[in-house]
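A.B. asks: Residue strings, one per chain:
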Amino acid sequence: MSRQPPRRGLAERAAEFAREWSVPRQLRGADHRREAAEAAISRTLRPRLEEADRVGTSICPYCAVGCAQLIYARDGRPIHVEGDPRSPVNQGTLCPKGAATFGLMTSPMRLDRCLHRVPGATAWREVTLDWAMDRIAHLVRRTRDETFVKDLPDGTPLNHTLGIASMGGATLDNEENYLIKKLFSGGLGMVFVENQARV
Amino acid sequence: MEGGLAHRRALDYADRDPRGPIPQEAEITTGRRVEPGRAYGFFTDTTLCIGCKACEVACKEWNQLPADHLGLTGHSYDNTGHLGAHTWRHVTFNEKIGKDGRRATTMPPYQSHWLMMSDVCKHCDPAPCLEACPTGALFRTEFESVVVQQDICNGCGYCVPACPFGVVELSVEDGKAHKCTLCYDRLKGGLEPACAKSCPTDSIRFGPVEELLEGAKARVARLHAQGQPAAYLYGAPGTPRATGGIGRLNAFFLLIERPEAYNLPPAPSRPAPRALPSILSGLAAVAGLAAAALLIGVGRR
Amino acid sequence: MPQWDLANSDCVLVMGSNMAENHPIAFRFVLQAKARGATIIHADPRFTRTSAMADIYAPIRAGTDVAFLGGIIRHVLEHDLWFREWAIPYTNIATILGEDYRDAEDGDGLFSGWQEESRKYSPESWQYEGVTMPSALAESYVDTEGFCEATKRLHEGPPPRDPTLQHPRCVYQVMKRHFARYTPEMVERVTGCPREVFLKVCEALARNSGRERTTAICYAVGWNHHSTGVQIIRSGAILQALLGNVGRPGGGMLALRGHTSIQGSTDIPTLYDMLPGYLPQPHAFKPHSTLESYLDAETSPTGWWRNFPKYAVSLLRAWYGEAAAPENGWGFDWVPRIVGDHSQLPLTVAMRNRIIRGLFVMGQNPVVGSSNSLLVQRGLADLDWMVVRDFAETDTASFWRDGHLVRSGGMRPEDIRTEVFLMPAALSGEKAGSFTNTHRLLQWHDKVVPPPGDSRSEHWFVYHLGRRLKDLYAASEREEDRAIRALTWEYPVDDEGEPDAEAILQEINGYTWPDRTLLPDFEALKEDGSTACGCWIYSGVFPKPGENRSRARRPDGPEGPGTHLGWGFAWPSNRRTLNNRASADPEGRPWSERKRLVWWDEAKQEWASPDQIDFPKDKRPDYEPDWSRKPAGMDAISGRQPFIMIPDGVAGLFVPSGLKDGPLPAHYEPVESPVANPLYGQSISPAAKRWEHADNPVHGTGDPRWPHVLTTFRLTEHHSGGTPTRLVPTTAELQPEGFAEIPTELARALGIRSTDWVVISTPRGAIETRALVTDRLRPWRLDGRMVHQIALPWHFGWVGYATGDVANVLTAVVGDPNTGMHENKALTCALRPGRLRRAGGAGVAREAR
Amino acid sequence: MNEATRPEGWSGETYHGRPVTKASSFDWKVSAYIALLGMAGSAQVIAAVARRAGGRRARGLVRRARLVALAGSVVGPLVLIQHLKTPSRWYNMLRIVRPTSPMSLGSWLLTAFGGLSALTALGALFGHRSRLARRVADAAQLPAAAAGAGMSVYTASLLSATSTPLWAAAPGPLAAQFGAASMAGAASALALAQRRAGEVGSARRLERLAALAAAGELAASLLAERRWREAGVGHAAQRGRAAPLLQGAKAGGMALPLLAHAVSGRRSGLLPELASLALILGGAALRHGVLQAGNESACRPEDAFRHADPRRRR
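Residue numbers (the numbering used here), protein chains in the order written: chain A, 1 to 199; chain B, 200 to 500; chain C, 501 to 1349; chain D, 1350 to 1663.
Take these hints with a grain of salt, some might be off.
[Claimed, not checked] Examples of chain A residues lying across from chain B (beta carbon under 8 Å, computed):
#1 Leu10
#2 Leu45
#3 Ala52
#4 Thr57
#5 Ile79
#6 Gly83
#7 Thr93
[What the hints assert, rightly or not] The following residues of chain D were derived to be distant from chain B, with all beta-carbon distances above 10 Å:
#8 Ala1488
#9 Gly1550
#10 Arg1588
#11 Arg1590
By construction, these hints were calculated from the structure, which means they are not laboratory data. Each residue gets a CB set at the ideal place from its N, CA and C atoms; glycine is no exception.
Isolated chain A, as found in the complex (with noise of 0.2 Å):
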């Protein structure tokens, strides 16, 4: 509602006065305050969610209740979150984190470059996505090459490395977690993989 009206110049005002000037109408007999005192802004007015060129249905990404939420969004960028109406677990309701979710993908301290701290670097530096894939790929295949461990001395299978872990995936999706534990532990022999299930 703080959206400032443009700088206009004094004939502009005058006719837009004019135009709303409320008296001519207060003398046809309306209401001062109803009819006689309404504004441009309120015959205009419409929901913005009217503007959204796409509506997608999501899931609240915090807790576990699984509210549903319907996405409104216009040139590629969400104008509105809220509750799905239609979900028998949310009845379109959320709570104050559910709620703020617009909030969430629309925060100023979001992040959306990727950076690198070398090692005693007392600052970030801003590195391209393609460069950090391929430095921590030959960093996982050197850790993973220097601490794998194939068997035990007496035969006993290990086939696993101590020396990466991983943590994290209770707020991510199945197909991810699928992904994750499928390739560090079924592909590289990682068994420190944990997310917060235990915490």
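Given the structure of chain A, go ahead and fit chains B, C and D onto it with the hints provided.
C.D. replies: Below, chains B, C and D without anything else, positioned relative to chain A:
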């Protein structure tokens, strides 16, 4: 099994993505359509309030109001403090569990011993702020709500002291008066106001005031029967000492303690009628002095 | 039970959970039940926003839940208030134990089987007479030699029972004796809950259970986060099974979990000890060296888990595709073996011990959320590299710049050699995928908008990391690199390189091999390598091309039935209420019209229900196994045994195997407690997990230096580690600063007022925070002296609009013997007014930036 | 409730000691406007009386009174517009006629008063040359005086028609106070002018009027205070931040000048002039004090509760 059942109309939108807002979504979320010409409002039932502040967040996110960051107040869990230009829903917290160094042991049904209430603009009828507004920026909409039209308001600030509830405030950002609009834009689109829609426990109910009132009275009777004899309505027409000179509050409340415990004035009054006796005594004084001036012979050398 | 089913409850006990605050939308249905006359009970150390809504608020000292619940169990048994017709056939209450069993009653708090040298229990003496039981859930393997062999005897006949309950060794008699000392007086002495309030709780639960009525229990980490967490939950389960509140409308145990897909990440576990679908991760010190021995050891002879080999082999086929062959155990040989506990707590210790050198952190904030944060931060500083993926800078990502090591630990960022990557991550509306909610409901979310800038989904990250690693290892001939080379990793990607999440869900659902026809459900899985399935319990979620059932959005309308089978997909087989066979009596008739959910339709010769029946659809209620033919799997489960996942088909009041700290719950004090255990000489849980480390000191019972009880909690305004709420203006302002709740009496004694600074300390560290003086906490009178309790919300850190010191600086790496979950709900601390001597707190650190 | 947040002398409950109502944004600009326009309005009243009573002999006084009115109605609104948070939209004050709003009616009244004052000023500025100007001015004089009377007091009604406890508790006395202060100010300002112009006799009559007005002002002030006490909302005026100003206004801006005028009798010289100045400043201080004390009372929950519940005035 009856939990989570959907409104019949929700089934029209089952298994397909809505292309835009569902027409008259309010019918699905409240059972009532939103149509101009009827009085709509809120019935805030504090006995159902869990103090989650979803209403505050939903309001700010929808109306794109900036955060205030008051800091830790130490006033129970109320770090919002008061309604204002950027805060159109405010949940009050008042701890009552301790009594004379002991802790209460019996629990009446629903909310007790920690009072939580989602405060909001009362959309009074008649509305002191509206009556005070010299520009017509404040007006009564086709939904009987009271709205500040931002293209008109010039920040004179007269509505601020006019309000008996301390609701309206001038924004430090644009200098204009701001307060709850009952989500005027949403009502125009058939949507339930953001706070009421999000409310997890339906402590905030939105609907036609007459119907809300009926439900509220039944609720009070039920609470009395269930062992909460203190329940009463605040701001409903005809309830004793609730509305003073104000006919009714389109946003009214169910409380279980004195209004002061929720920071509500016990019997708010309409300020406008004070103007006439005031001006008459003033004019009498001036007239008297003018007469005296005549007698004194002001003007003569 | 689905959350909406709470609306059908006649009584809801919320315990170990601050439900109104932390799961407000689930609490919606509790209030719907209340509107229909239900009684709401909250038992908790703090008077919270949940307590305010309760009909009965039972205050209990943190960490005394078993004593409280044990008291209710005793009350129900003693006064014969339990649901006999239900519990005798549907639980093991009549089952007779072997002669070797000795109860904690006789061992002053120790059960038989305690091995002092290894500090472990052997469950051999806990077995039924003549029968050895495999554990119900494969994740809790019992590592005793010959044990697997012994379980084979289950084929020969059901465990011996005495339905008259007269046998002195039947579970009923054992339980009666075990819980005899949990009298109302003892409950009051241990928990601090006034006797009359406790009795009100007992009466409400008993009154609202039985044929016509059901009670639900809702719990959360307030139960888990104890060194006795599993036994607390067990106590609740025993109570529900005694009262017949399982598998029925409005009855059950609802675990209220904290993260959006924490259930999904348990089912498809990013956890060390399991493979997808609750299959055990192979263990180096168990008979798991070959697929054959693994299957032999882990397959239950009776009950549903008899199908275990199908699920294991299908998973291996999904992972290793072409390369999986009978010669390599379908790739089983490549699956990494665990060698011990690799869970969250030991993980942090392993970082500190330089065993772990590289770390991925994806959507988690361990600096704030993990016990003993200083240990964690030192561990992070010991790493070679760390990759943090989140939507913004987290406290974990910036530990080297703003953390305690730099702020007060005498280190400079220059001294910290960890290479750190901080990569922006996509949020739920910016990627497609499914979440599994707390009642096992899979719900799909769309990609509605693209993620900003370089933000990517974890699909993208893990997929492309995998691609790069496969390239790096492509030329390797080493045996140890076979797994990564064999791993199937072909997923269609879009223009931005984002893999198709539905293709991954199809692999999880399963398909035939090699022609990849999607499977209708897990009953189609085979153990001959002809099917591939990423997670058997999810099978059926994508039964046909184009039919992603997690995306189904058809609720039930005003006419019901209220199971909402058309909304999302609940594993397994879209079942909404597990064990729902128990909602009908042994003959297959609903216990009452009011609580009707499942019934045997004699005309159609099948079970009927508005839900999916959790039982073989056509198994008659009067079916009895023919023991002469050594029945296996489901053939050994009779028509009146609803608990098909358990080898003997009934709920286990007494658990013969699968638990590491006793077959029945016994109250033990928290590892750090102001008082000794009033119930037994054994004061704390003998089996509690402890990790000795110089950075992790733990003190003994009743240490006067740490006189106050400390408990941690969450606020409705914030979420877990705090990143997604402290960084959002609208939520941050609601609880803008860290604080500690301090009872009025203690505050008065120390001259502390609200918003004053206070310092709270434990052997692990000290933090400074603001005081919030409140009557909602109360002093406890224990053994003639007053004990105060302080409560700390643990969401805060230095990042964001809302900041505060890290509560987990105070907590210890100490855990439950079964799950390894930490004990952050009950410890002890010291309190003083004032500030830490170091230059400034979290606020100052933020300002300095 | 927490004892620490319980206001002194209030046995009832407050919500953490937090305000119930919100204080107005009215600051010194508004008080200046009230004082200026009050003087301007009352000047027109005096002009009309003088015109009637003195005829042509009052020409000088009438001219000066009209000029004071003109100056007030030009400067006053400019000051007032500066108080608006969006001054560029001042014209919306004339968008609507809202009969329930003293501020709306006041805006129209101000407009009318400004116009009438402009007309009467024609006489003051061009009367000696143009007969038409004289006629127009004389015709406008009575309406201007009527509007002026309104201008002298409507600001008090505007304050009374709010929920600010202090203002709302004494609508009548407040308006009488403002009206008397306006008359005292205008009479004093004109007295000063007359003395400068050498019309000492006229000045003395004006001073007598001013003294009478000051007496009225004082009486109204005492009455207002009594009402505040009865309503239990007087704390801000008696012991608040504005109390010294209000007490000062009463003593130095009403009582002392009244005394001075009484003792100065027929003497001329510095004392009456000082007394006149003191009355002008006293009137302004009174308005500012009332404004400030009102704003303070709005922030006192016990005042708001007492105001909103007549039965609990303790």
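A.B. asks: A separate judgement is required for each hint: does it hold in the structure or not?
C.D. replies: Cross-check of the supplied hints:
1. Among the interface hints, the one on A:Leu10 is violated; its C-beta lies about 16 Å from the nearest C-beta in chain B, farther than the 8 Å criterion.
2. The beta carbon of A:Leu45 comes within 5 Å of a beta carbon in chain B, closer than 8 Å, and the hint placing it at the interface holds.
3. Proximity of A:Ala52 to chain B holds as hinted, the smallest CB-CB distance being about 6 Å (cut-off 8 Å).
4. With a least beta-carbon distance of about 6 Å to chain B, the hint placing A:Thr57 at the interface is held under the 8 Å criterion.
5. Checking A:Ile79 against chain B: minimum C-beta separation of about 10 Å lies over 8 Å; hint violated.
6. The beta carbon of A:Gly83 is positioned within 8 Å of a beta carbon in chain B (closest approach about 6 Å), and the interface hint is therefore held.
7. For A:Thr93, the interface hint holds, since its Cβ comes within 8 Å of a Cβ in chain B; the closest pair sits about 5 Å apart.
8. No beta-carbon of chain B is positioned within 10 Å of the beta-carbon of D:Ala1488; the least distance is around 18 Å.
9. The claim that D:Gly1550 is not at the interface with chain B is violated, since a C-beta of that chain comes within 10 Å of its own (minimum 5 Å).
10. Every Cβ of chain B is farther than 10 Å from the Cβ of D:Arg1588; the closest lies at roughly 21 Å, confirming the non-interface assignment.
11. Against the 10 Å criterion, D:Arg1590 stays outside the reach of chain B, whose nearest CB is about 17 Å from its own CB.
In this structure, the hints that do not hold are numbers 1, 5, 9, in rising order.
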